[in-house]
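Make a model of the complete structure from these sequences and hints.
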Amino acid sequence: MRILHVANFNTGKYGADLYATDRKISAGLIRAGHFVYDFSYRDVSRNESLFRTTRLGTGKVNRKLIKACDIQRPHLLLLGHSELIEAATLAEIRQRHPAIKIGLWYVDALFHREKAAHVIDRLPFIDVVFATTGGEYLREYATAATRAAFIPNMVDGAVESHRAFLNRTYEHDFIFCGRDAHDPERRTFMADLNREAGKHLRCAFRGCLGNPSVTGCSYLDFLGRSKMALNISRRNDVTLYSSDRLAQLVGNGLLTFCPRVPGLTLLFGEDEIVYFDGLDDLLEKIVYYHTHEIECRALAERGWRRIHRSCSSERVCGYMLELLFERPFTADYEWRGEVFPASATQKTT
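If you want this note's numbering, it's the 1-based position in the sequence shown plus 1064.
Everything labelled a hint here was simulated from the structure, so no lab data went into it.
Treat the hints with caution; some may be incorrect.
Quick list of in silico lysine to aspartate or glutamate cross-link-like pairs, EDC-like style, CA-CA up to 20 Å [what the hints assert, rightly or not]:
(1) Lys1124 / Glu1112
(2) Lys1124 / Glu1147
(3) Lys1124 / Glu1150
(4) Lys1128 / Asp1172
(5) Lys1349 / Glu1359
(6) Lys1263 / Glu1348
(7) Lys1263 / Asp1344
(8) Lys1131 / Glu1112
(9) Lys1128 / Asp1102
(10) Lys1263 / Glu1235
(11) Lys1131 / Asp1172
(12) Lys1349 / Asp1237
(13) Lys1349 / Glu1386
(14) Lys1263 / Asp1285
(15) Lys1131 / Glu1150
(16) Lys1349 / Asp1335
(17) Lys1179 / Glu1156
(18) Lys1263 / Asp1345
(19) Lys1128 / Glu1112
(20) Lys1263 / Asp1237
(21) Lys1131 / Asp1102
(22) Lys1131 / Asp1107
(23) Lys1349 / Glu1260
(24) Lys1077 / Asp1308
Between beta-carbon pairs, the in silico distance windows are [unchecked claim]:
(25) Met1065 / Phe1393: 16 to 26 Å
(26) Ile1130 / Asp1345: 49 to 59 Å
(27) Gly1076 / Asp1172: 15 to 25 Å
(28) Glu1359 / Arg1259: 17 to 27 Å
(29) Glu1200 / Arg1266: 17 to 27 Å
(30) Lys1179 / Thr1252: 17 to 27 Å
Built from N, CA and C at the ideal position, the CB exists for glycine as well.
Structural data, given as structure tokens:
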């Protein structure tokens, strides 16, 4: 089928975020045999503006999206993070192309409602909203005409290509990559973790505690040279929610430590990642697996195999298409129970 994929794509970063979800989704759809046209909405907005600014190009990017749909006649219009695309534009597209399916994926946290307001505004024209947040926050996005469905953070074998568990030596025993700005509690946690774990291991923190971030292939190689890593989000009490860091760590073969996020055992068992309860428990488990090399490698490999089997871009994209086009599921998707149905079948036009 023909798919018009509207997302950020960040072409101005020249691949600094090559592991971003938008690229993985396009790759997964292409591997499944579909034609995918990447519509980089922010770049279009800037390029169509006289002064090369996103704000001044908003009207034009909406008109250009309508034009792209008229030219390509896609079977699916798939929106990513696309806050500049207006509800009126989707209404016009539906009027011109009544058979079109429209989906939207969102990988930021749904509990930041102010950031997700643009999603709510466009719900009357969306067939399915896909999000990496589950539970009651996801349920709020199921409306009279729109289904809401959970999707896991996905991996792509061409991106998450390291197998750190095969290394014989490591540059770092334990790492964390993430920000601590404007979050004193998080910064204190990281400082305490760094101080205590550093007594036993070679630790490296990036993007926090005053350390610079690392991006692009330098980031992926940093993961590939590391043995164990922490995945922790700003909130860890929301059903199935995690940042995409989880996929990057587990997908590159690091033994990954994660708080007990509600529902996450649907995706990873106790023998695939290490769950912890608080700082003391985390420290104890880090030291244990650091000193039990065989167990550490075996558990990391099981997590790696699980995520590449269950959460590959091809498999997750296949699930999305099956929901959008109301086809029977072709796999026992572990998260298939996290779908909140719409109560009507007709879209607003």
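Evaluated hints:
Our distance criterion of 20 Å between C-alpha atoms is met by lysine 1124 and glutamate 1112, whose separation comes to about 6 Å. Only pairs whose Cα atoms come within 20 Å are accepted, and lysine 1124 paired with glutamate 1147 is accepted, the gap being roughly 14 Å. Restraint check for lysine 1124 and glutamate 1150: the C-alpha separation of about 11 Å stays at or below 20 Å, so the hint holds. The hinted pair formed by lysine 1128 and aspartate 1172 fails the criterion: a straight-line CA distance of about 26 Å is larger than 20 Å.
Of the pairs offered as hints, the one joining lysine 1349 and glutamate 1359 holds, with about 12 Å between alpha carbons and a cut-off of 20 Å not exceeded. For the suggested pair lysine 1263 and glutamate 1348, the alpha carbons sit about 12 Å apart, so the restraint of at most 20 Å is met. Between lysine 1263 and aspartate 1344 the alpha-carbon distance is near 14 Å, which keeps this suggested pair within the 20 Å criterion. The hinted pair formed by lysine 1131 and glutamate 1112 meets the criterion: a straight-line CA distance of about 13 Å does not exceed 20 Å.
The hinted pair formed by lysine 1128 and aspartate 1102 meets the criterion: a straight-line CA distance of about 13 Å does not exceed 20 Å. Annotation: proposed proximity of lysine 1263 to glutamate 1235 holds, straight-line Cα distance about 16 Å (limit 20 Å). Between the alpha carbons of lysine 1131 and aspartate 1172 the distance comes to roughly 29 Å, so the proposed pair goes past 20 Å and is violated. Of the supplied pair hints, the one linking lysine 1349 and aspartate 1237 holds, its CA atoms being roughly 13 Å apart against a limit of 20 Å.
Restraint check for lysine 1349 and glutamate 1386: not satisfied, since their Cα atoms lie roughly 40 Å apart, outside the 20 Å limit. For the hint pairing lysine 1263 with aspartate 1285, the CA-to-CA distance comes to about 25 Å; that exceeds 20 Å, so the pair is violated. Taking the CA atoms of lysine 1131 and glutamate 1150, the gap is about 14 Å. The hint holds against a cut of 20 Å. Simply put, lysine 1349 and aspartate 1335 have alpha-carbon atoms about 13 Å apart, close enough for the 20 Å limit, and the pair holds.
Annotation: proposed proximity of lysine 1179 to glutamate 1156 is violated, straight-line Cα distance about 25 Å (limit 20 Å). Restraint check for lysine 1263 and aspartate 1345: the C-alpha separation of about 16 Å stays at or below 20 Å, so the hint holds. Restraint check: the Cα-Cα separation between lysine 1128 and glutamate 1112 comes to about 9 Å, which is no more than 20 Å; the hinted pair holds. The suggested pairing of lysine 1263 with aspartate 1237 holds, with an alpha-carbon distance near 12 Å, which does not exceed 20 Å.
The hinted pair formed by lysine 1131 and aspartate 1102 meets the criterion: a straight-line CA distance of about 14 Å does not exceed 20 Å. Simply put, lysine 1131 and aspartate 1107 have alpha-carbon atoms about 16 Å apart, close enough for the 20 Å limit, and the pair holds. Of the pairs offered as hints, the one joining lysine 1349 and glutamate 1260 holds, with about 13 Å between alpha carbons and a cut-off of 20 Å not exceeded. Restraint check for lysine 1077 and aspartate 1308: satisfied, since their Cα atoms lie roughly 19 Å apart, inside the 20 Å limit.
One distance hint, 16 to 26 Å for the beta-carbon pair methionine 1065 and phenylalanine 1393, holds here, with the actual separation near 18 Å. Checking the proposed 49 to 59 Å range against isoleucine 1130 and aspartate 1345 shows it holds: the Cβ atoms sit about 54 Å from each other. Checked against the given bound of 15 to 25 Å, the beta carbons of glycine 1076 and aspartate 1172, roughly 20 Å apart, stay inside it. Look at glutamate 1359 against arginine 1259: about 26 Å separates their beta carbons, and that is inside 17 to 27 Å.
Range check, glutamate 1200 to arginine 1266: about 41 Å between beta-carbon atoms, so the 17 to 27 Å window is missed. Between lysine 1179 and threonine 1252 the beta carbon distance is about 25 Å. The supplied range of 17 to 27 Å therefore holds.
Checked against the numbered hints given earlier, this structure breaks hints 4, 11, 13, 14, 17 and 29; the rest are met.
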